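Model the full structure from these sequences, guided by the hints.
So the sequence lines, in the order shown, correspond to chains A and B.
For the first sequence, position 60 matches number 60 in my numbering, and the numbering has no gaps at all.
For the second sequence, position 208 matches number 208 in my numbering, and the numbering has no gaps at all.
Derived from the structure by calculation, the hints contain no laboratory data.
Where hints are given, some of them may not hold.
Claimed, not checked - Derived, one-sided and incomplete: chain B residues facing chain A with beta-carbon distance under 7 Å:
(1) 54
(2) 55
(3) 73
(4) 76
(5) 77
(6) 88
(7) 89
(8) 105
(9) 122
(10) 126
As the list claims (entries may be wrong) - Calculated pairs, DSBU-like style, for lysine-lysine (alpha carbon to alpha carbon, straight line, at most 35 Å):
(11) B/285 x A/80
(12) A/229 x B/253
(13) B/17 x A/80
Bear in mind that the values here come from a model prediction, so they are computed numbers and not experimental data.
Yeah, the Cβ is synthetic: ideal placement off N, Cα and C, and Gly gets one too.
So the chains spell out like this:
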Amino acid sequence: MITFSFMVILPLLLHVSITMVMKNIFIQSLDKIPYEIWVFPGIVLTIASMSMYSIIYRDMFDLRIHKKSFLPMTLTPFTKTQLILGFLITSIIETTVYVLIAMGVLTILLPNSLDWSDYFIIPIFAFLYSFILGNIIITFSVLTDRVSTYIFTSVTMFLVIVFGSGILVEFEFYPKTIGIILSNLPLSMILTSLRGIIFFNRFDWTLIITPIVVAIVWTWMNGYLLKRKLRQ
Amino acid sequence: MEASITLKKVGKLIRDKTILASLTFGIERGSLVAIIGDNEAGKSMLLKVISGIEYQEFGHVYINGLDSKKRRLDIISSIGFVPHEIDLDPWLTLEQNVRFMGLMYGVDTETVNTRMIQLARELHIIPHLKKMVQDISPGIVKKGMILRALVHDPDILILDEPTAFMDVESYRHTWDLLLRLKGKKTMLYVSQSLSEVEEAHDRILVLEDGIITLDGSLDKLLGSTFDYHQFQIEFEELSEDLFQKLSKVPMVKNPSRIGNSIHFYGRERNVFFAVLNAAASAVMKDISVNKLGLQDLMDAKFARDGIH
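Now the structure itself:
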């Protein structure tokens, strides 16, 4: 119940502290889309990010460093890559529930609602986004053994993601070179692709296939890292 | 008999320190084997290597004839492991912990439930199944860990201090279960409680600095010490002169003093009378004579020297 309440309050907080403030600065995107509509997918993915951080901390990092039920899991008949995939899928499913709640709350606050099909598309992209982000978090969870280091790296990564993935501000506002680099990162590709579909009906396969390939390779790499870390 | 676990020249390093040194031995199917030794002897690491929690740097571990490195996924389900420290998820109930691991091993829900209830009944933890692990005392949780290790019905059960944190009743319930399983499952355990090992052994391995120094049944290990007895005499006042005088009595081995008591070993009973004669002028309060046990075997080097 506490988690549910929090997941209702969180989008409200983000709307008040980000959308309501930023819309007075940017008003609309460079393609003339009202800022609060343009930022909607970004806010949803920010909530997905926060959810993924906390779930992977709970299910993997905390259990591993405190030697609780993680080692017994590694003794079950699964490869390390399968275990990583299991952690990812369970955390993404939980995150998707939070994303749906957040979308519901944010929609009430929007002056113009999105097209009904967008409410199906956004969770699918949130799934893909969480797939990559989950892999990034799992890499840190495997390589880190101290809570303080985990929190430091998590906060740093979170800030880089929020300000460097086009969640709040368009890449055109960054210096040209930095904007090009940031827009070609896998997480940015997902957001660019998502906005392309819901605002312009523009579908770019490259922006979807690349993150999927990155996520699959990263999952395999995390399995290898875990195997090395556990010396199994 | 067929070997259930076989180690061939198994070596384990942590950084530059040798934890296990070229261990070679086999464990027969259905046997109950205890590993004892001092702290840092490598006992827990040996269990971790056999159970697959850690790989060895050198040599091979074979489980039911299959190489544990090359055929890990084939053999891992035949092992149940109970570590020393409590490692259940504290945010789940005991039942949820057990059920989760059962499902991870691919056991269907109905079978998990049947086994869980049967084993929980034997271990007397039915009332605790629905409780959160963080709210249960460590002794009960340890029994829950044994239950979890058995829920997928492994051929081999590996236990690190199986009765740690347990009261007398829990200790008895646990050993009742383990002894019932003896013969059906291969069981390998580490214990610091030598009385526990003396009570329920098939075979004992003594590990010292990563090397097995003794291997055999309790009778075999104590075989060459059967002639020895340990003696203890408590005096009203044991002066240093008297202690030195008694220590020099021929045939007195390893004399030591604790307060006003002298403790020593002797091969023949008449050493006792020789000491009594030498101490005739002092007032004695209590005397005791005991056969040697595992504790003495571990403590007194002279006793072990007789075996080699």
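How the hints compare with the structure:
| no. | hint | verdict |
| --- | --- | --- |
| 1 | 54 | 5 Å, holds |
| 2 | 55 | 6 Å, holds |
| 3 | 73 | 5 Å, holds |
| 4 | 76 | 5 Å, holds |
| 5 | 77 | 5 Å, holds |
| 6 | 88 | 6 Å, holds |
| 7 | 89 | 4 Å, holds |
| 8 | 105 | 6 Å, holds |
| 9 | 122 | 21 Å, violated |
| 10 | 126 | 22 Å, violated |
| 11 | B/285 x A/80 | 65 Å, violated |
| 12 | A/229 x B/253 | 50 Å, violated |
| 13 | B/17 x A/80 | 27 Å, holds |
Checked against the numbered hints given earlier, this structure breaks hints 9, 10, 11, 12; the rest are met.
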